[in-house]
Each structure stands twice: as C-alpha cells, then as structure tokens.
Amino acid sequence: MDGEELTAQETALYDRQIRVWGANAQRRLTKSHILVSGIKGTVTEFCKNIVLAGVGSVTLMDDNLVNEESLNANFLIPPDENAYRGKTVAEICCDSLKDFNPMVLVSVEKGDLSTRSTEFFEKFDVVVIGYGSLATKKAVNEKCRKLSKRVAFYTVDCRDSCGEIFVDLQDYKYTKKKLEEKVECELNFPSFQEAVSVPWKPIPRRTAKLYFAMRVIEVFEENEGRKHGECSLLDLPTVLEIKKKLCEANSVSESHIPDSLLERLITGTIEFPPVCAIVGGILAQEVIKAVSGKGEPLKNFFYYDAQDGKGVMEDISNSFTS
Amino acid sequence: MDTQQQQQQSAIQGAKVLMVGAGGIGCELLKTLALSGFQDIHIIDMDTIEVSNLNRQFLFRRSHVGQSKAKVARDAVLRFRPRINISSYHANVKNPEFDVDFFKQFDVVLNGLDNLDARRHVNRLCLAADVPLVESGTTGFLGQVTVHVKGKTECYECQTKPAPKTYPVCTITSTPTKFVHCIVWAKDLLFAKLFGDKNQDNDLNVRANNAASSSKETEDVFERAEDEDIDQYGRKIYDHVFGYNIEAALSNEETWKNRRRPRPIYSKDVLPESLTQQNGSIQNCSTTDDDDSTVSAMPLLGLKNPQELWGLTQNSLVFIEALKLFFAKRKKEIGHLTFDKDDQLAVEFVTAAANIRAESFGIPLHSLFEAKGIAGNIVHAVATTNAIVAGLIVIEAIKVLKKDADKYRMTYCLEHPSRKMLLMPVEPFEPNPACYVCSKTPLVLEINTQKSKLQDLVDKIVTAKLGMNLPLIMHGASLLYEVGDDLDDIMVANYNANLEKVRSLCSSDTGLDLAVSHMFVFSQFLSELPSPVTNGSILTVEDLQQELSCKINVKHREEFDEEKEPEGMVLSGWTQSPATNGESASTSNNENAVDVTESSSGLENASKKRRLAENQAENDKKETENVESDDDLMEIENPVMVSKKKKRVE
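Which chain is which? The protein sequence lines are A and B, in order. Last residue of the first sequence: number 1649 in the numbering used here, and the count goes up by one each step with no gaps. Last residue of the second sequence: number 726 in the numbering used here, and the count goes up by one each step with no gaps.
One or more hints might be untrue.
30 Å max Cα-Cα, derived DSBU-like pairs, lysine-lysine [what the hints assert, rightly or not]:
#1 A:Lys1358 / A:Lys1509
#2 A:Lys1536 / B:Lys478
#3 B:Lys380 / A:Lys1425
#4 B:Lys496 / A:Lys1509
#5 A:Lys1504 / B:Lys237
#6 B:Lys147 / A:Lys1425
#7 B:Lys496 / A:Lys1465
#8 B:Lys241 / A:Lys1503
#9 B:Lys254 / A:Lys1503
#10 B:Lys496 / A:Lys1571
#11 A:Lys1504 / B:Lys241
#12 A:Lys1509 / B:Lys241
#13 A:Lys1626 / B:Lys496
#14 A:Lys1505 / B:Lys237
#15 B:Lys479 / A:Lys1536
#16 B:Lys254 / A:Lys1504
#17 B:Lys496 / A:Lys1505
By construction, these hints were calculated from the structure, which means they are not laboratory data.
All chains, full assembly: derive it from the sequences and hints.
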C-alpha cells in the first residue's frame, strides 16, 4: 500500500502482532521515529514495548549519570557499578534496547530537551516526555505544534502507585470500522497549555481527582524550583497552600482534591514497578495507534491508580465551558 | 518509607512464588516480580523458544531459539537482579512431580498460560493445596487478571468456559459455508488421510447415494503404489477430492435444494499438461533429508509473500508441489504426521487444499498467512497487553500476600473504553455453590448407555469436559477404569473379580491377561460392563493428582441431535448461563450493562448481572473482531478471554 513490502524476516518476527494490527500498520511502524526523554521506570517499559513492536528508530535523551536510584524499576541497567560508572542513563539503556530488536535503530541524543530548536523536533513523528517539568512540557509541545508536519506529543508521569499520560495529536484523523463500514473520524486535541488551563468549575465532578492533584504538584515543583519527585512529607504544608490557592482561583471547594492523595504523590517517590509496566504499556499502545492511524486514540488524559485499580480516560478540553 | 510500605516490602521479600508459564505474560511477569523485590521465584514452562515469540517475549534473543523458555528467562532476569533466587523447570506443569505437596510450598501461584487444559489443572492443584491463584490471559489488546482464593472467591472453573469451536461433521465433509470449514477439512481430513495415521477413522469421502458401493475403490485412491509417478499420483488425489467427490455429492439432490451447488474442479482444467518439465528441480533433488522444517514449495513456484492471495491455479500448483515434496523429501514421516503450524510444507499444503475447496464452494480465498492463523489457532499477541497484565498480576499477588481480601479485584483490559475505563476493576464473585470443582456438586450425564462405550465416556467427558489428567472411574465399589501404565492392586482385585464375567462375554476359553481385559472393558458398552452402568447409576470420577473427585448421575437417553449434540451425550450440572453456550446467542443482544441493583445477593441475581455484563464484553469483543479481521478469520481460542464481565466496582 504505502511503500515497500515487509521483508520475510520482518513477517516472521512480527507474525503475532501483524495478526492484531495488520501489515499496513506494521509498515508504518517500521518507518516511524520516536524521541524519548527522561528514562525512568515507566519510560523504560515504554521503550521496551515500542522497540519490540518494531518502530523505525528510537532516540533517547537522559544525561543523568547512572546511580543506585536509577536502578530502581529499570531492567535496562545491569547493577554492575564497573559497567555503568560514568555513563549516562540514556547510554546504558541504549545498549540494552538495541539488543531487544536488531531491526530498530536506537541512539542517544545529548543535551537539554527544553533548549532544542523547533527544527530539531521535525525529525520525529512522536515525542514523549517522561517526568518533565511544567515549563519543559509546555515549551516542547508548543514547538511541536509549530511544525508543518504533525508530531504526536505525549507526557508521562508516575508517582507513588499513580500514573498520568497526556496526549496531543492536534487535529487527528483516523478510520475505524463500525460493523462492515469504514468510518472517517476526526478529533481536535488541545495543547498541553490549553489542557492544563481549563477552568475547573465546569469540569464534571466524577473526573479523576488525579487530574487536579497532578496540577497542584506541577505548580509546586515549578514555584519551588524542584526537580521531578524532589519532595517529601515536609513539603505538605506548602503543597496544601498551593492547592487552596488553585481551588479558590477556580471557585471550587478544597474537598475537590483529597489531602491524602497529595500526600501520597509527594511521599511516594520510589517508583512502583507494576504501575510502570501498566502505564508504560498503555502509553506504548497509544503511540502505536497514532503512528499506524488505526483505532480510536486516547483523548487526552489517562489516569491509573493501583489503589482503586481503575485505568480511566479523561477528556479535558474547553468543551466544558462552551 | 512508612510502615505500610515496610509491611508490603517484607511481605514481598518473604514470599515464595510459583509462576506457571514463561511465555508472553511470563517474561513480563518475571521481570516485574524481580523489579518489585520478590526474592524467591519458581517458574515452570515446557516450551522452547521460537522466532515468532521474539516480538514480545523480550527476555529471549534469536540465539536462544530452541532453548528452554523457563531457563533462558531465569538467566536473563538474573542479569539485572543477580541476588534473587529463581528456579526454573523445563517441564509440563501436569507432570506428576508437581503434585499437591509441591504446590503447598508456595504462598501464591501466578498463571501465565495459553491453554484451558493447563489452567484447569493448576486451578485444581491450587484448591487442593489451598494456595491462592492469580490467573491471567490476553488476546490482542484484550486481557484479564482474576484472583482465586479457596472459600473466598470463585475458583477458575466456577463458570463454564467457552469450549473450543467444533463443527458438525457434515458441514465439514459436504456443506462448508465458511473458510474455516475448508481449513478443518484440509487439515483434519485430507492432510490426516494422506500423511497421518492410516488406521484412524476418517470421514473424507462423502456419503453419496450412488457411491455407497465404491468404498473399497476409494480406499485405494489414497494409496500410492510403489512405482507410481508422484505427479500422476498428485493429480489423481486432486481429481478425486476436488472433482469426483464433489460430483458424487452433487448427485445428492436433497442436499442442494436450499444451498449453492459446488463446482467440481479437475486438474486438467487448471494445470498445464505436464508439470514435471517445468519443475525439474524436484526430480533432481536427492531423497536424502535436509532439514524437514525448511522444505517448502513456495520458492520453487516463485511465490514469496505469504500475505498474497493466490488464485486457483497457484493454489493448485502449490497443492501438487507440496504433495510431491512430502513424498520426495519426507517419505519417512508419512503415516505418522500430524498438522503443525510451524511445519511450512504442511501449512502450504493445507492452505492450497482449503483454497481449492473454497473456490469450489464459492467461498472467498485466503492468503497463506491468514490460513496459517486459522489452521494453527494462532492467538494474536502484542507486548503491551502482556506487560499491562503482568503489572496487574503483581498488584493482585501483593494483596493476596498481605491478605487484603477486601481489595482483591479482577481487572479487564479493554480495547474500547467502557464508561471511560480502559482498565476495569471488578469485585470477585463468591464461590459458585453449583461448581463441581470447588463445591463438589454432582453432575448429570445424559447418555445412551446401550450404545456408548466406556471409552467414549473417558474421552468425551472425563478427559475433554472434566479436564482430568489421571482419572479413575468408580461405580459403587467397583473400579471401571483407571489410567496408567501399570494397573495397581485395587485394579487387579477388581478385575479378577470380574474376570469370569468378562471371559464369558468374550466367549474365549483361553486366559485373558489383564491388559487385554483392560482393553476389552474399555471398548464395552456401558450397560454391558461387568458392573453395568444404566439409568440412575452414580459414577465417581477421581483424579488423584488433582485431588479432585466428583459424582456423575447417569440418565439414559435414546436419541441425540446429530447437529446440536454431535458428541452423543450431554453433561450438565454446573452450567449457569445457557446464553453463552451458542456463539450467536448473545451477540445480537445490544442492551448495554444496565446497573442492576445490588439489593438481593441471590444466585439468580448474580447470574443476571453476570449476563448483562457479558453482553457488554461480548460487544467489545465483536467490535474488536470487526476492526481487526474478517468475520471468520479469528477464532478467539483463548478461553479466559472476556466472555464475562461483572459488576463494576464503584
């Protein structure tokens, strides 16, 4: 259909998944280029999944040096100090990922994601920011949106036993088969900036509390100049203060966001591997959908909380106000 | 770390865990368990690694193909968590060494299996050993995780599982309407007839009015004379099964009154006069064996792409070529081959044969890739669902270890969100009081005791339906049947007691040895057994390995509907929801899960809720099939798959 046939080797390797999404989707996957930054547990899971699925290339960004902490929830780093000393997380993970599927090009890009020019992102079809700051997420999303080609943009964040995924596919067309007919569908996604500035008041009350709680934590880390997850129980009073302000500004009651949830999010700084597997799995599924143009995508937030076991989609856009 | 987390961590570190299966879910599970801090993990898997595993079983590499999954998975995980204990067993979980005592040493058992049979076996051992079980399954983007704790939640078998599809014999032999019927014919009848055990019953030849006398003749058609030219022989088979047999079937006018008439196809109309000239390659090949699995007809015919649709001529060429290759290169295996989806030549032959038959009956043709999926019952699988399911298993396993019974959940992974949920947790059900496995409720068997043999009872009910591995059947105090190489003392005693009777029935004056009498009893009608089984008889069926015993009340019945009850017997008792029996029964029902009030907790209400939820899951499944495939392309083999969905947890 579009481009070359799959090789015999590809057909044999990808047999079981071609049976799920078809040969055309597989062809599109093999031509896609993915940029990933912030390689902790959930992103590790995500990378494993898309490398196995057979995307064209994966570019890794994470200049943090490997230390004891980065070993947690990361199966791509062998716990041998002699092997990882002096290497960055991206470098070590790159070596392991290459091994998973020799047909995927895995490479490392050094430097800071937030300072990259708009043109830099043009090389990619998908950009995933793991554990990014509010400013980085906003800035990169804006750059992706400026490009003439559509770059699918995702953020992912896990704290305690909770996870959040954000998706921006801009104006996205896809086909789905309803019974025998193919139906053309179109979705319009808000930008990250738009999605996190939606007034809270009109948002339905049954919406996942995590949406609001994550916004509070985001603002806290931004205001205090903290890195992702750089917080403890000592910060609770400040966090509650921010929550109060945000609730007031949005004219909603403070009961909107349970204090206990905020406490979990700032104290649970060690990643919980089962949640990484779940959220990293959902994220990979969404990226595969967007690249292959097959199936209804997630719009535009996903939340998982191991405490109640629900994995929920929330559509947060300005449609509430109109 | 707060005290709660510390408790959790010590529960994890002190746990001894058994994993059954090191495949798609298994690889993900072993990784997540190790990362989560589990220290003592045992893993059983009988399989070895294949190329088609590598797209998702990420602990394996190309260089591992052919090695034990359990062992390679262990080694791979030890590389990033070297200090934990992982024991691997390259063995079948149904082996006798994995008995109740073996299971008792574990705090929790985690299943990542791919077949109903093994799942049921493990369920029974977990019940007998009183060890909690976390069960799982995936198909494409769908998946589920369930928790089974004896006495607290339903066991894996509290609900009947959809049985693998079977087709009425005459649909396969004479009136196929779907491609899958042609596949079954090509695989189970034609392939088996030509290359399999010659002594097996085979319904290949249509029973046509005027063909009754020719049964002897037709037998000979399939025999190849020593000096018979392979090409000639291939054409003879071709003409017989696609030409003559169809012609014979057409003579049966009654059959075609309301059906589309098939078209007989003869080789001379499709194939060039002589193939041997074009394909000299074959003749030149020496008959000494190279690697069997690589023998293939496709390259000889210039066919490369398995996803390409072949026309009638191409299929016919592949048919003849594959048949010839079997005789030229794999002669030694002929007579004891069974279809294997990883046997390229077998897949080519079956694809071609099914397509020619499909052409004859006006059914759309399929590519080799698709045909292979149908013939091999291949479960389509992706890494992501397995990873998600593995994460969910670990979350439930930790709750089980902490004995957090209130928090146990079954979780369904959906492809299309239901009430915004992609991961839907559901409260586990209580044990089903009508379950013959965990509640020991008697079953009812309707059977014609005068026409059914003990063997039918063993094969169709005890093995196939009850999933017993080492069964023993008692009628009152007498032992009717016991599996095993050596007959033990009880058996001997009982046989001796019955021997006189057996002898007289056999009207043989020479002494029967035990094995012969065993065989003899096996082929005896139920009502004529030494201890006759008739209407009202109560049988006890036991499996000593599974430590499961159940009672069967026998009801004699004369007639059975050949189409609807092809087995000639009906087992019932624990079945609750007749709606799920037929594949078409529940799919047309579009009412979505309406909330059912929880006021009454009676069984009836529970099963009603279950059924409402099932429809919703069924719809999701239907949609999936429509999105991903032709209607009859996928046989959702995976038995645990969303055939049920329950009350949502609020």
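Do the hints match the structure? See the list:
1. A:Lys1358 / A:Lys1509: Measuring from Cα to Cα gives roughly 24 Å; hence the hint holds.
2. A:Lys1536 / B:Lys478: Between A:Lys1536 and B:Lys478 the Cα gap is close to 27 Å, so the pair holds against 30 Å.
3. B:Lys380 / A:Lys1425: With Cα atoms ~29 Å apart, B:Lys380 and A:Lys1425 stay inside 30 Å; holds.
4. B:Lys496 / A:Lys1509: holds (23 Å)
5. A:Lys1504 / B:Lys237: holds (29 Å)
6. B:Lys147 / A:Lys1425: holds (22 Å)
7. B:Lys496 / A:Lys1465: holds (26 Å)
8. B:Lys241 / A:Lys1503: Distance ~28 Å between B:Lys241 and A:Lys1503 Cα, so the pair holds.
9. B:Lys254 / A:Lys1503: holds (25 Å)
10. B:Lys496 / A:Lys1571: Holds, at roughly 28 Å.
11. A:Lys1504 / B:Lys241: holds (26 Å)
12. A:Lys1509 / B:Lys241: holds (29 Å)
13. A:Lys1626 / B:Lys496: Holds, because 10 Å separates the two Cα atoms, which is no more than 30 Å.
14. A:Lys1505 / B:Lys237: holds (28 Å)
15. B:Lys479 / A:Lys1536: Between B:Lys479 and A:Lys1536 the Cα gap is close to 28 Å, so the pair holds against 30 Å.
16. B:Lys254 / A:Lys1504: With Cα atoms ~22 Å apart, B:Lys254 and A:Lys1504 stay inside 30 Å; holds.
17. B:Lys496 / A:Lys1505: holds (19 Å)
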